[in-house]
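K.L.:
Each chain is listed here by its residues.
There are 2 protein chains.
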Amino acid sequence: MPVFLDTSEPDFEVEFARLLTAKREDSPDVDDIVAAIIADVRARGDAALLDYTARFDRLDLTAGQLAFTPEEIEAECARVPARERAALEMAAERIRAYHVRQMPENAQWTDPDGATLGWRWTAVSAAGLYVPGGLASYPSSVLMNAIPAKVAGVERLCITVPTPDGVVNPAVLLAARIAGVDEIYRLGGAQAIAALAYGTQTIAPVDKITGPGNAFVAAAKRRVFGKVGIDMIAGPSEILVIADADNDPEFIALDLLSQAEHDESAQSILVTTDAAFGQAVAAEIDRQLEILERSAIAGASWRDYGAVIVVRDLDEAAELSNRVAPEHLELCVADPNALSRGIRHAGAIFLGQWTPEAIGDYVGGPNHVLPTARSARFSSGLSVLDFLKRTTLAQMSSQALRAIGPAAEALATSEGLQAHGLSVAARLRKLNK
Amino acid sequence: MPVFLDTSEPDFEVEFARLLTAKREDSPDVDDIVAAIIADVRARGDAALLDYTARFDRLDLTAGQLAFTPEEIEAECARVPARERAALEMAAERIRAYHVRQMPENAQWTDPDGATLGWRWTAVSAAGLYVPGGLASYPSSVLMNAIPAKVAGVERLCITVPTPDGVVNPAVLLAARIAGVDEIYRLGGAQAIAALAYGTQTIAPVDKITGPGNAFVAAAKRRVFGKVGIDMIAGPSEILVIADADNDPEFIALDLLSQAEHDESAQSILVTTDAAFGQAVAAEIDRQLEILERSAIAGASWRDYGAVIVVRDLDEAAELSNRVAPEHLELCVADPNALSRGIRHAGAIFLGQWTPEAIGDYVGGPNHVLPTARSARFSSGLSVLDFLKRTTLAQMSSQALRAIGPAAEALATSEGLQAHGLSVAARLRKLNK
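One line per chain: the protein sequences are A and B, in this order. In short: position in the first sequence from 1, add 56, done, that's my numbering. In short: position in the second sequence from 1, add 56, done, that's my numbering.
Treat the hints loosely; a few may be bogus.
A pair counts as met if it fits within one copy or between any two copies, since identical chains are not told apart.
To be verified - Cross-link-like lysine to any residue pairs, in silico, SDA-like; alpha carbons within 20 Å at most: (1) Lys79 x Asp319; (2) Lys283 x Phe72; (3) Lys283 x Asp88; (4) Lys79 x Ala271; (5) Lys79 x Ala95; (6) Lys79 x Arg379; (7) Lys486 x Asp302; (8) Lys486 x Asp304; (9) Lys206 x Gly236; (10) Lys283 x Ala482; (11) Lys283 x Ala429.
Everything labelled a hint here was simulated from the structure, so no lab data went into it. Quantities reported herein were computed from a predicted structural model and do not represent experimental measurements.
Build out the structure end to end from the sequences listed, making use of the hints.
P.N.:
Take a look at the structure:
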């Protein structure tokens, strides 16, 4: 049974705190194994990749077979049904249109002291995207990771995807082609992350690695961080729905189940101003769980981590939501824009009854790679900024150096950094000659 | 002796690769010690903080003495000489003026399908800034970390600074006051990071931790990452100067020494089109090393990691610089702006002969917290964005859901996520009634 809480009950704070701090994921400690795999790939390169692929994916490859050939990609893409292809193309177009707007501006100006200042954004040269194999091999995630990279201007974008027993999801290859991915490798696990970070004879190293993966992939990404950039380490998915009584319980039930069906560790929370509505949604969830294909997963998630919270008013709802800092937040109320203004911490907000979270997973336009585990308090979803970096620019005129140089000298002296001070003083001396 | 390389020599590639991959820092493995300290702070709170402070900083405090009182801050600030105070105030003003321009815009638009999309930036609620004690207790770093946080809109900003034997750098407290810091704690090491991340009876937890520190602090930041956001883990400082023959060798020598004097692991590289100029700079460095206060440190850095590289032309210089991806890059050439356009990877660029790197450390305006160890390939210096996060917004009209909902359904079905598809289908059914 999910928990039913009411903010007017005396034990609410205790129960809510328990909900916030529930440890939903118990990652196995695979760090030693992963360290050994990375060291092996660094030492033996392709040979190590082929050994691990034979062992873990039951697939014997030569180095020349690590990459999909254009003909292989073409053949796989041809297997994708027309309806799915059209949907992927629409999704890609909408995701691209959204992310193009995220491109930041360069800037340059000259201030009254005569200092010309500014910054310039440049793209990461090469990026690698990890795509899980098997059931969680989602073409939508390929679009969500690859399109921002290409919009940012990444010149070389490669994908690694494990193909256990040689099987690949053709829609993943089609999504990669639609997104403009340059190289696709039959490779998974920590060995894929090691290859992307350090390179082998066949795979050139990249500068940034993104994409979801299992515990081995996550541990490998943590290990190579610093050598390359990485995106966040994603935890289990979450949704919080704020709904008043004027909603269809079936809609809300299905939205909550959309998160629950991802993973037994997913968390779905309904916050409502109407206790009876909360009960109606819970009843509808029970009905749906009888027929859903993934009811074992969704049922476990709802039972172990689900919650219905009754609040006095929408202000209180916003306040609780800010404490949760949910990955996904639906605002199913009469004036969702007004409520939205009280939200300070959330990965993505879905406003109004015609915006189920699933729209955002696929075709809305915003990214579906979002901060989990309360990290929306300090981080954002994936964007073009993840594939860009900013170089600051400064040019002093002689007038500017005269105006601000003495202050730099004073601070350098105060910090005991003599050469810093002298580098300014020598120039001022020349200027004052 | 620093290395002298020439791109026209046959062994250049080998020697340059050696320079790029030289391991300059040998961090002690303190991870187990740090894990124990963090666990202890989580278990015992203030009591653990007081124990570690007594042990490591030889300072017996009560919990009530962890924070500096306004009176204590006032008394310390009064000890800062007027010239230094004025310099800090000028620096703060210039840093603020630069960072205010970094504030990103919110966005909202409605696309032709009737989908209203956008994003909104919000500030991290609470941030903590670690300030080292002792010799590396730099007021300039307080400004560079605290001002972007306050510009971003961080409501609660606190500092931890160890005060060994009770001694604090008054300029650090003054910089904190000028920057608008809200709380200052006498606390250092892994215990400070643990307190900021998890909170104790006296110190409320924060959402983001930034600032430099020793190996213990760096290991603690890595450990609490995920629970809170952190900035980069900074490595030793670096500078690359591209200079033609038309420069004063003394200027360039002092700029190279400005990095070298930070740390024996710092790296200073001169890339020049003129071999004789390179020799003149090296000779000037040797002269300066005889008189510099920090010549032991600067000399070791220059000897072990310094380099003079002679190139055929400035295109080649830019190409080499991109491979180094230096933290600091000076362009001391006739047309620095033209050369700058060929630079793709650098933390900060300083253009022209009147812009010594030291200006950027203190009063230029751009941030001096910059990516080291070649990480400018994929990351940027500290900015207001580090204290902001972005929430994406999506609201479908009924028309929009009709237009794009079926594609979401198709992709959900293809990915085997039935509830996702049903959450869209149920709404489309109602709309089509």
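K.L.:
Evaluate each hint against the coordinates.
P.N.:
Cross-check of the supplied hints:
In this homomeric assembly, Lys79 and Asp319 come within 20 Å of each other (Cα to Cα) only inside a single copy, at 14 Å, whereas the closest approach across copies is 42 Å. Taking identical chains as interchangeable, the C-alpha atoms of Lys283 and Phe72 lie at most 20 Å apart only when they sit on different chains, with a minimum of 18 Å there against 40 Å within one chain. Taking the shortest Cα distances, Lys283 and Asp88 sit within 20 Å of each other inside one copy (19 Å), while across copies they are farther apart (23 Å). Taking the closest pair of Cα atoms, Lys79 and Ala271 come within 20 Å of each other only inside a single copy of the chain (16 Å); across copies the shortest separation is 29 Å, beyond that limit.
Only between protomers do Lys79 and Ala95 lie at most 20 Å apart by alpha-carbon distance; the minimum there is 17 Å, versus 32 Å within a single protomer. For the identical chains of this complex, Lys79 and Arg379 are intra-copy neighbours only, at 16 Å inside a copy versus 43 Å across copies, given an alpha-carbon limit of 20 Å. In the homo-oligomer, the alpha carbons of Lys486 and Asp302 lie at most 20 Å apart only across protomers (15 Å), although the nearest pairing inside one protomer, at 76 Å, exceeds that limit. Proximity of Lys486 to Asp304 under the C-alpha cut-off of 20 Å is restricted to the inter-copy arrangement: shortest distance 10 Å between copies versus 77 Å within a copy.
Taking identical chains as interchangeable, the C-alpha atoms of Lys206 and Gly236 lie at most 20 Å apart only when both belong to the same chain, with a minimum of 7 Å there against 40 Å between chains. When the C-alpha separation of Lys283 and Ala482 is checked against a cutoff of 20 Å, the pair qualifies neither within a copy, at 38 Å, nor between copies, at 47 Å. In this homomeric assembly, Lys283 and Ala429 come within 20 Å of each other (Cα to Cα) only across copies, at 8 Å, whereas the closest approach inside a single copy is 26 Å.
This entry does not satisfy hint 10, going by the numbered hints stated previously; all others are met.
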